[in-house]
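K.L.:
Here is what each chain is made of, one letter per residue.
Number of protein chains: 4
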Amino acid sequence: MSKLRVAVIGVGRMGRRHAENLRFNVHNAELVAVADVDSNAAGKLAAELELEHSYGSTEALLSQQNIDAVVIASPPKFHVSAIQAAASAGKHIFCEKPLALTLAEVNEVEGAVERAGIVLQVGFMRRYDPPYIEAHRRIAAGELGEPIIFKAIGRDREPPPLSYFKSGSGMLFVDASIHEFDLARWLMKDEVAEVHAFGGAIACPDIGQCGDLDAGIVNLRFTRGAIGNVENFRQSRYGYDIATEVVGSKATLRIGYLQQTALTVLSCEHVSHDVVDHFLVRFREAYFNEIQDFVQRVLADQSPAITVQDARKALVISLAAERSYREQRAIKVSSGMEVAQPAP
Amino acid sequence: MSKLRVAVIGVGRMGRRHAENLRFNVHNAELVAVADVDSNAAGKLAAELELEHSYGSTEALLSQQNIDAVVIASPPKFHVSAIQAAASAGKHIFCEKPLALTLAEVNEVEGAVERAGIVLQVGFMRRYDPPYIEAHRRIAAGELGEPIIFKAIGRDREPPPLSYFKSGSGMLFVDASIHEFDLARWLMKDEVAEVHAFGGAIACPDIGQCGDLDAGIVNLRFTRGAIGNVENFRQSRYGYDIATEVVGSKATLRIGYLQQTALTVLSCEHVSHDVVDHFLVRFREAYFNEIQDFVQRVLADQSPAITVQDARKALVISLAAERSYREQRAIKVSSGMEVAQPAP
Amino acid sequence: MSKLRVAVIGVGRMGRRHAENLRFNVHNAELVAVADVDSNAAGKLAAELELEHSYGSTEALLSQQNIDAVVIASPPKFHVSAIQAAASAGKHIFCEKPLALTLAEVNEVEGAVERAGIVLQVGFMRRYDPPYIEAHRRIAAGELGEPIIFKAIGRDREPPPLSYFKSGSGMLFVDASIHEFDLARWLMKDEVAEVHAFGGAIACPDIGQCGDLDAGIVNLRFTRGAIGNVENFRQSRYGYDIATEVVGSKATLRIGYLQQTALTVLSCEHVSHDVVDHFLVRFREAYFNEIQDFVQRVLADQSPAITVQDARKALVISLAAERSYREQRAIKVSSGMEVAQPAP
Amino acid sequence: MSKLRVAVIGVGRMGRRHAENLRFNVHNAELVAVADVDSNAAGKLAAELELEHSYGSTEALLSQQNIDAVVIASPPKFHVSAIQAAASAGKHIFCEKPLALTLAEVNEVEGAVERAGIVLQVGFMRRYDPPYIEAHRRIAAGELGEPIIFKAIGRDREPPPLSYFKSGSGMLFVDASIHEFDLARWLMKDEVAEVHAFGGAIACPDIGQCGDLDAGIVNLRFTRGAIGNVENFRQSRYGYDIATEVVGSKATLRIGYLQQTALTVLSCEHVSHDVVDHFLVRFREAYFNEIQDFVQRVLADQSPAITVQDARKALVISLAAERSYREQRAIKVSSGMEVAQPAP
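Here the protein sequences line up with chains F, G, E and Z, keeping their order.
Each residue of the first sequence is one higher than the one before, starting from 72 at the first, in our numbering.
Each residue of the second sequence is one higher than the one before, starting from 72 at the first, in our numbering.
Each residue of the third sequence is one higher than the one before, starting from 72 at the first, in our numbering.
Each residue of the fourth sequence is one higher than the one before, starting from 72 at the first, in our numbering.
Okay, chain F solo, but in the shape it has when bound (with noise of 0.2 Å):
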């Protein structure tokens, strides 16, 4: 098969992203369909795109005989439905983080995708971002020594409309830390045996009306003995600022990027730079990159870059997170696995 054929479930924001890219940059890609439960999204998405098929349902979608691989970008709380159905049906899958919002889902997503044989890859897309790609690198070749702090923080400039705190995409753990749970695991090389939590909602209160935090603070403890801090926060109001730092015992690493287009202002009231605004701004690199590497593994028959087990584990870093801040007491990541229950 000389070109992997995809559709996109899903055509918010982060669909319409991969819709895109795989229009028009994903070279050994054919972008076929996309599906929405909003037809009319879905259909104005194709026009613009110049796509003959376009669907209200995921059902609806699978039917169509010619596709090789879909792109699961629906609110999470869909995401073990659409995956299942995608499964059966025999297509690869790339979707959205997270993959699931219990682990009793990510189990059965599990047994869904080992039964089908299909490739499933999870959207960490930060994996596929330029200098956390060089950080990795660096790390793995020993530049830091052994690593023993690792900090990150995960901002946005203004929070999603608050439809979404209501959609069930979630706690802030689970929707936003995840990322930075999934960075740790990955740069650390190791993984998180005990977290503890504390969060709000001051900035927000709306938020913290639909029962979540506007602001969260995660105390991490790894398996040998290094320790971390993931910081996330719904409403810098600056700007988009993700940053992380591996300090290691030989030398320690920082990735950030605050600015966007390296333009400073100097005048009698301030001297000031601009910032980079969005995570779509941020990321675009990221989001490139890992379709297109997900097209190419489906294509060389090779397995996901990242899989249902990273998934699983940093999803099981959230949930304890989540349960520490409400039992307000240190959890240990092992044994919390089976009971880390979002709260009903």
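Please keep in mind that the hints were generated in silico from the structure rather than gathered at the bench.
Where hints are given, some of them may not hold.
No distinction is drawn between identical chains; accordingly, a pair holds when it is met within one copy or between any pair of copies.
Stated by the list, open to error - Using 35 Å as the maximum straight-line C-alpha spacing, the simulated DSBU-like pairs for lysine-lysine come out as follows:
| no. | residue 1 | residue 2 |
| --- | --- | --- |
| 1 | K321 | K148 |
| 2 | K237 | K321 |
| 3 | K115 | K384 |
Go by the hints and put chains G, E and Z onto chain F.
P.N.:
What follows is chains G, E and Z alone, placed relative to chain F:
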């Protein structure tokens, strides 16, 4: 005409970049052929990009019917003849900088373009770089007040191979500083009235033996009284460093981009960060933007964004700088136009 | 009294710094004597600073008549006895941090100071550092809106000698993090309600064998709902790195000072810049400011800027962090006060 | 002689700074008197610094017996007469820059110093600034290879009052750029062979009406072939910005110090940081270091660190730049020495 059918003349690194963008990224263009005096190189690139046609000469290429426009990326001394041939054949033209090496040549080009009634756009790609676009917007909006000082550095990490300096690509001021001279005109919204240049070839004596410079520094006086300085250097060794500053009566604006991936390594030896290493990396987006804009303008019957007149005015500054260096005195730009010819 | 006559107890690096400032830079102070259990060291410093008097004990020093105030810069475990003796003798006291190692000791100090009616000020010198002063001013002025997240790192380039960890100077959280805890209270204008700590000794196992940590990370929850994290590390190797951030509902403020002399070297190996290497360099001005302010306050019969109560509250957080680390659970700060004693 | 007894002539902001340093910070100096044509100002400063003596003229001051050395900080046009008087009286001299305004004056000074057998040191304080000292050390150690390009900017936040420009302190190139010219000689270990200058007074037309410039830009050619550029501007509005760069064949070195307190404010309007606002802030340490070094050199019978010859060579460059600006042509520095007089 729904897609613009474009051919690329010259398949060195710049021609290759344009060809790749036209083939993969510019969606309303269709790359239909490439040509190079090295017909093997042209053939290889055609195979790589899955093109049907490649040629060993501009003439052969122009005999192909379905070509609407050509991108000229051959060495500068061949620009004029290629432009004349393409214009005679009624093709629109995107030509790399410098458009030509002498004012006599620019006059020839101007005549040919007028007679043929085609669009010719010049490849000053920095005008398509997002930080420069934003800087231009802010200056035009009056944020800086009156522009007072223009400063620019342009440094390559390593010089091109020695053959480059023997190939008649123009002296440092024509080949390299011309980018800064174009920025000076564009950002200051003013013309350069007088220049004074010093130069040397200490770092790369081989370049000196080719009659060229590895370092040049040019004082500028603008017609409305502002002043400035442009520095170019062929061998910074630390990276590709393009930085521009406009000092205004109300504020100052700096455009720079030393870092590539925002990665800092902190060790006991030093705290260091990565740097941009090459112009194809730094200006990747600008190269894409300029060729996309050219395609859109031609399809929409619009005039070019960067004209023969822009190319002429930047070249006049370059030639005046060269003459100032040779004659060891300041050169008025207006009076120098008719005589500013490169030394034999 | 036109000049305050001050003596310094303890002539290690901190005592020496205070003595030099008092001798040369604080113009309304007169340094009249130094004391150290190592009477040779005391004698040498006295000779160097051209003082008439040096002593081998606090008691001997206090028998000298013309002393108005003492600076206590001996190891922390000797602070309480020195304070009691000086207070009994009616001397005003400037005491290095930590004021004491247990809450019982703080109670003793408090009683002694009250009975003697003297001024006692504690050496949290960061409150005298110009960037921190400016940060405090801006936060107090409401520039950040509501404070939401407090973040701080404190990293030494190299740990003190192993003897330091055997000398009873308090665990990492008491000896080092206490600076960050004081900043947390001061900048957030709030008290810490709960902490959770992880720690390790991977980089310096020798420190671990002394029962101490080389790295610690402490989650904070403030009484009004804000959250935070403090990290301390003994061996960054790249430099002395003190950075603090307060995220607010309206804006965020960062205080940092990685560079020392603003010198950047750009070579083909790397682009690197210099860093601050030591706290006596970074906080030179703060050390001078705090001792000058102490002298002025005593001369003007003013109360101290940083009180026993401030020392107590920072120590309570330190001890709670230590207990959290030992008992592997989050510790409420208020309830932990009576029991938060260092392990035997 | 155990302490050097020093008097200060001229109590403007620079004279005041020197007086304060001598009074409080330079421990082997004793400030014994101050003088100013404004005898009230002299008297007030004497009272403030608790000095017994103040005078309304240099002559009156020199009649005081116990003076070993004088610091001359009066306006430049009074330097020569003060130097002659002090030298006749056998006093060692520290003189602010510029030493004199013409080469004829420098010749007079040189003769007077030689006849009197005294030490005269010139106040190019940047040679005493830690980052510049470190830069000089690294360049001298060969880290940069062969120096190829020298670049410097020197920008004041606001110009001095208009009276300053009417007081005969020398044109921009003599008053301001002379610092950069001295750095050029010192860091490049080479002499300037030729200059070319442009200038203007767009931002501050009042300065233009005094016959001076608010902005100047000077191309440099060094005797060994290196090139360079110096820019000075009187009204940056954003801060006091001194930055110097030496590009070498092996590496490049940048010295800069835009920030003052390392404070960054990140808000939805902008991400901004503080800046140095004044030369007395930026070079506080340098001003102290230079006057301390002068005192030590005189006490130790050593020759001055910065000589009349250094002052002469920097002034020659300044005067050549001024002449280049006036005559609108490049000026060879060697040939210009005898004629490079300021215009009437």
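K.L.:
Hint by hint, say whether it matches the structure.
P.N.:
Here's how the hints hold up against the structure:
1. Taking CA atoms no more than 35 Å apart as the test, K321 paired with K148 passes between copies only; the shortest distance there is 33 Å, against 43 Å inside one copy.
2. Proximity of K237 and K321 under a CA criterion of 35 Å is satisfied inter-copy only: 25 Å between copies versus 46 Å inside one chain copy.
3. Taking the shortest Cα distances, K115 and K384 never come within 35 Å of each other, neither inside one copy (37 Å) nor across copies (46 Å).
Hint compliance for this structure: hint 3 is the single one not met.
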